[in-house]
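Asker: Each chain, written out:
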Amino acid sequence: MSQNESLAVILESSPQVTQLRRASRENDGFDFSLSIEPKGIPELARMLKDQGFFLEYLTAVDYGQTMELVYSFSKWIEPDRVQAVCPAWPMEAAPSICGVFPAANWQEREVFDMFGLEFKDHPDLKRLLLIQEEGLHPLRKDFVAGPQHSGDVVETEMV
Amino acid sequence: MVERFETPPPVQLGILNQMLDLCRANSLWPMTFGLACCAIEMMAAGASRFDLDRFGAGVFRPSPRQSDVMIVAGTISKKMAPIIVTLYDQMPAPKWVVAMGNCAISGGPFAYEGQYAIVNGADRFLPVDVYVPGCPPRPEALIQGLLELEDQLTGGAKRNYLRRFKRHPGNDQE
Numbered sequence: 001m002s003q004n005e006s007l008a009v010i011l012e013s014s015p016q017v018t019q020l021r022r023a024s025r026e027n028d029g030f031d032f033s034l035s036i037e038p039k040g041i042p043e044l045a046r047m048l049k050d051q052g053f054f055l056e057y058l059t060a061v062d063y064g065q066t067m068e069l070v071y072s073f074s075k076w077i078e079p080d081r082v083q084a085v086c087p088a089w090p091m092e093a094a095p096s097i098c099g100v101f102p103a104a105n106w107q108e109r110e111v112f113d114m115f116g117l118e119f120k121d122h123p124d125l126k127r128l129l130l131i132q133e134e135g136l137h138p139l140r141k142d143f144v145a146g147p148q149h150s151g152d153v154v155e156t157e158m159v
Numbered sequence: 001m002v003e004r005f006e007t008p009p010p011v012q013l014g015i016l017n018q019m020l021d022l023c024r025a026n027s028l029w030p031m032t033f034g035l036a037c038c039a040i041e042m043m044a045a046g047a048s049r050f051d052l053d054r055f056g057a058g059v060f061r062p063s064p065r066q067s068d069v070m071i072v073a074g075t076i077s078k079k080m081a082p083i084i085v086t087l088y089d090q091m092p093a094p095k096w097v098v099a100m101g102n103c104a105i106s107g108g109p110f111a112y113e114g115q116y117a118i119v120n121g122a123d124r125f126l127p128v129d130v131y132v133p134g135c136p137p138r139p140e141a142l143i144q145g146l147l148e149l150e151d152q153l154t155g156g157a158k159r160n161y162l163r164r165f166k167r168h169p170g171n172d173q174e
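Here the protein sequences line up with chains V and R, keeping their order. So the first sequence is residues 1 to 159, counted in this note's numbering. So the second sequence is residues 1 to 174, counted in this note's numbering.
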C-alpha cells in the first residue's frame with residue numbers, strides 16, 4: 001500500500017468528510033480534494049499534522065449565494081497535497097485551527113478582514129490589513145467601493 | 001532660515017542660530033524608514049554609488065529620537081498612518097519631512113474614487129517640506145531633494161558654504 005493509498009484510507013474513515021476526490025497533481029496541483037463539514041476542520045488539521053503536513057494557505061471564495069473556505073495542506077517528505085473545502089456562509093462559523101497550526105492565526109485574520117467570515121475560538125480575531133470600518137470587506141462580491149470609502153479616514157490609534 | 005519651532009526656543013543665540021542651521025543642514029540624519037518600493041531607491045541613494053554621506057545625510061538612524069529628517073518613502077496605507085504620526089511625534093524638533101515618490105505626494109496610482117486602504121499623500125497629516133516626484137524617483141532625485149532641504153535650512157544656495165561641489169551655473173542665482 002503506497003503512501004497515497006494509506007492517506008486515502010485515513011481520509012475516507014473520517015466521519016466529517018462528505019466527499020473525497022482523487023485529483024491529478026499534474027492537472028489540478030493537488031492529490032486529494034475533499035469537502036468537509038465546518039466542525040470537522042480542526043480534527044482533520046490535527047490528523048494531517050500527525051501525518052507530517054503543514055498548512056500551506058487558507059483562503060475563502062465568494063460565490064455570491066454561498067462562501068467557502070479553502071484549506072491547502074502540503075508536506076515535504078513525500079510529494080503530497082490535500083485541499084479541503086468547507087462551506088462557511090451562510091452556515092455556522094468554522095472553528096479556528098490556530099491551536100493546531102499557529103500559522104493559521106494571521107491567515108484567519110486576513111480572511112476575516114477581506115470576507116467578514118468569523119472563526120470560532122480564534123484567540124485574537126481582529127482586522128489584519130484594513131482599518132476598522134463597518135462593512136469594509138472588499139473581497140466580497142456584494143462590496144461596492146464608493147466615495148464613502150475614499151475619504152481621508154485616518155485612524156487615530158494604533159490597533 | 002525656515003522657522004521650525006511652534007514656540008520660539010527660550011534661548012536665542014542671534015547670529016549663532018545661522019551657524020547652527022548651517023551645521024544642521026550639513027548633518028541631516030534621516031530615519032531608517034521605508035514603506036514601499038521607494039525605499040529601495042532610498043537605500044541605493046545611501047549606498048556607495050550615490051552616497052548620501054557626501055552631503056552629510058547618510059547617517060540613517062534606527063530610532064526617531066536620533067533623527068532630523070523623516071523620508072516618507074512609499075505608499076501610506078490608512079493602517080500605517082497613525083504609526084507614522086507616532087514616529088513623527090517622537091522625533092525631536094527641529095525636524096523635517098521629505099515626501100518621496102508619487103504615493104507620498106498625492107497617492108499616486110492609488111488615488112481614485114472608492115479607494116479604501118490608501119491615504120492620498122503624506123501632507124494630509126504631516127507638514128511636508130520637500131516633495132520629490134517620481135515613481136519611484138531615482139537616487140539623484142532624492143539627493144536633489146535633500147539639497148533643496150539644506151537650502152531651505154540655510155536660506156539659499158549661496159549661504160551653504162560647506163557645499164563640496166560646484167552647482168550648475170544656472171542654479172546659482174537666488
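Calculated directly from the structure, the hints in this document are not laboratory data. Wrong hints could be hidden among the right ones.
Here are the simulated PhoX-like cross-link-like pairs (lysine-lysine), alpha carbons at most 25 Å apart as the crow flies [stated by the list, open to error]: (1) Lys79/R - Lys126/V; (2) Lys49/V - Lys75/V; (3) Lys141/V - Lys126/V; (4) Lys79/R - Lys141/V; (5) Lys49/V - Lys141/V.
All of these numbers come straight from a predicted model, not from anything done at the bench.
Asker: Compare the structure with each hint and give your call.
Answerer: Going through the hints against the structure:
In summary, the hint linking Lys79/R to Lys126/V is supported, as the alpha carbons are separated by about 13 Å, within the 25 Å threshold. Proposed proximity of Lys49/V and Lys75/V is supported: the alpha carbons are some 9 Å apart, at most 25 Å. Between Lys141/V and Lys126/V, the direct Cα distance comes to roughly 21 Å. Compliance with the 25 Å bound is thereby established for this hinted pair. Straight-line distance between C-alpha atoms of Lys79/R and Lys141/V comes to about 23 Å, which keeps the hinted pair within the 25 Å bound.
Under the criterion of a C-alpha separation no larger than 25 Å, the hint pairing Lys49/V with Lys141/V is inconsistent with the structure, at around 33 Å.
Taken one by one, the earlier hints fail for this structure only at number 5.
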